[in-house]
Amino acid sequence: MIEILVALVILSISTVAILGALTTTLSSTGEHRSLAADDTLLTAMAEQVKNVVELQPSPPAWPTGCGGTGGPLTQWYEDTTTNNTPNIPLPAPLTGTPLTGSSYYPVSLTDPPYVGYVVNLTNVQYPNGSTWTSCPVSATAAGVQKITVDVTSNANITDTFDVVVRYQGDGNA
Amino acid sequence: MPDRRQSGAILVLALIFLLIGSFVVIPLAGLATTNLQATAPFITERQLEYAADGAMDLAIETVRYSATQGYPGGTCGSITTTLNGQTVTVDCTSEAPGTSGAAGEDDESRYVSFVACPGGDTSGCPGQSFLSATADYADFTPSGDVQVGYAVRILSWDVQSANF
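Residue numbers (the numbering used here), protein chains in the order written: chain A, 1 to 173; chain B, 1 to 164.
Derived from the structure by calculation, the hints contain no laboratory data.
Bear in mind the structure is a predicted one, so any value in this text is a computation, not a measurement.
Built from N, CA and C at the ideal position, the CB exists for glycine as well.
The reader is advised that the hints may include incorrect statements.
As the list claims (entries may be wrong) - With beta-carbon atoms standing in for the labels, derived distance ranges:
no., chain 1, residue 1, chain 2, residue 2, range
1, B, Pro72, A, Gly101, 55 to 65 Å
2, A, Gly70, B, Ala40, 28 to 38 Å
3, B, Phe42, A, Val16, 25 to 35 Å
4, B, Gln160, A, Thr97, 37 to 47 Å
5, B, Pro142, A, Thr29, 55 to 65 Å
6, A, Asp170, B, Ser78, 21 to 31 Å
7, B, Ser78, A, Gly70, 49 to 59 Å
8, B, Thr82, A, Val16, 54 to 64 Å
9, A, Thr110, B, Leu11, 27 to 37 Å
10, A, Ser12, B, Pro27, 18 to 28 Å
11, A, Val16, B, Val12, 43 to 53 Å
12, B, Arg153, A, Leu22, 55 to 65 Å
13, B, Gly74, A, Asp170, 43 to 53 Å
14, B, Thr82, A, Ala37, 45 to 55 Å
What the hints assert, rightly or not - Sample of chain B residues facing chain A (criterion: CB under 8 Å; computed from the structure):
no., residue
15, Ile10
16, Ala14
17, Leu15
18, Gly54
19, Leu58
20, Ala67
21, Leu83
This is chain A alone, in the form it adopts within the complex (with noise of 0.2 Å):
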């Protein structure tokens, strides 16, 4: 009897065990499946923005203003006005959904693997020093621009980003 019980305590410890290392090594496996779309997203979308204001042919006039949160740089960005032809698009073949009637971002993604992602640019900032603010010190310090960019999973996570960009054109941006 005692040999049995034994056993039975045996069995289910090792039974036990099994199944939580099958169950941590599923949920870690989704984790970092997560983190590694949620990067990718992420990347994807700061090449975005560097390709569209620094790297086309005719790239859009260079935008200016105060930005911070709904200056009107950050609205160049979120694309306030034009949300059915956005300035910055989302990186081809994604495809997406403005979540507001004013703006094309926030935008929630419509294709795999990111349905229901919503991507947004926020808060863009002009350097002052070694810090960041709102609005450019100078007028020459108007050509930097960092864009944050914010990645909300539909395990309703976010990550945050920040790209920088560069007036590449002559003279004063």
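For chain A, the structure is supplied; the task is to place chain B on it using the hints.
For chain B alone, kept in the frame of chain A given last:
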């Protein structure tokens, strides 16, 4: 007849099961740990690369409109900024225009080299740099008028590994 009692057999079977289970659990735990441990360095490396990229852009643009930085024989200085939680210092060095042999270098411009390193690094930046670049500044308009920082060309942009 020999004694063929099966007393203790189930215990032996349970121990065998435990042994087999441990062969499964240990590799699975290792796999889960590796996944979790690998994630943080990947994220940090991406943050470092973009922080260096942004700090380099900031340094290039700062020197561009400076009437004192980047001239041959003069000072060039450094700039430190924090992006994506990573502090990066960019050191710049003034070179003599027209002497480096770099492709496209212009005799009438400032020629400046930059290296980006971990912020606060005191171990010798070039040895620890994760990004280096050279820029050629034209301080004249096409009509010949003097205008500091009228144009800038990036002559080289070399990314080293941020994984250290």
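Now the hints, each set against the structure:
For the pair proline 72/B and glycine 101/A, the supplied restraint of 55 to 65 Å holds, since their beta-carbon distance comes to about 56 Å. Separated by about 34 Å at the C-beta atoms, glycine 70/A and alanine 40/B satisfy the suggested range of 28 to 38 Å. Under the hint 25 to 35 Å, the C-beta atoms of phenylalanine 42/B and valine 16/A, about 32 Å apart, fit the expected range. Separated by about 40 Å at the C-beta atoms, glutamine 160/B and threonine 97/A satisfy the suggested range of 37 to 47 Å.
Between proline 142/B and threonine 29/A, the C-beta spacing of about 58 Å keeps the proposed range 55 to 65 Å intact. A beta carbon spacing of about 26 Å between aspartate 170/A and serine 78/B agrees with the range 21 to 31 Å that was offered as a hint. Judged by the Cβ atoms, the range 49 to 59 Å given for serine 78/B and glycine 70/A is violated: they are separated by roughly 34 Å. One distance hint, 54 to 64 Å for the beta-carbon pair threonine 82/B and valine 16/A, is violated here, with the actual separation near 46 Å.
The hinted range of 27 to 37 Å is not satisfied by threonine 110/A and leucine 11/B, whose Cβ atoms lie roughly 58 Å apart. Against the hinted window of 18 to 28 Å, the Cβ-Cβ separation of serine 12/A and proline 27/B comes to about 22 Å, which satisfies the hint. Judged by the Cβ atoms, the range 43 to 53 Å given for valine 16/A and valine 12/B is violated: they are separated by roughly 21 Å. For arginine 153/B paired with leucine 22/A, a C-beta distance near 57 Å keeps the hint of 55 to 65 Å intact.
Evaluation of the 43 to 53 Å hint for glycine 74/B and aspartate 170/A yields a failure: the beta carbon distance comes to about 24 Å. Taking 45 to 55 Å as the suggested C-beta distance range, the pair threonine 82/B and alanine 37/A does not conform, at roughly 26 Å. Taken as an interface hint, isoleucine 10/B checks out: its beta carbon lies about 5 Å from the nearest beta carbon of chain A, inside 8 Å. For alanine 14/B, the interface hint holds, since its Cβ comes within 8 Å of a Cβ in chain A; the closest pair sits about 4 Å apart.
Taken as an interface hint, leucine 15/B checks out: its beta carbon lies about 7 Å from the nearest beta carbon of chain A, inside 8 Å. Proximity of glycine 54/B to chain A holds as hinted, the smallest CB-CB distance being about 3 Å (cut-off 8 Å). Taking 8 Å as the C-beta contact cut-off toward chain A, the hint placing leucine 58/B at the interface holds, the least distance being around 5 Å. The beta carbon of alanine 67/B comes no nearer than 11 Å to any beta carbon in chain A, farther than 8 Å, and the hint placing it at the interface is violated.
This hint holds: leucine 83/B has a C-beta 5 Å from the nearest C-beta of chain A, less than the 8 Å allowed.
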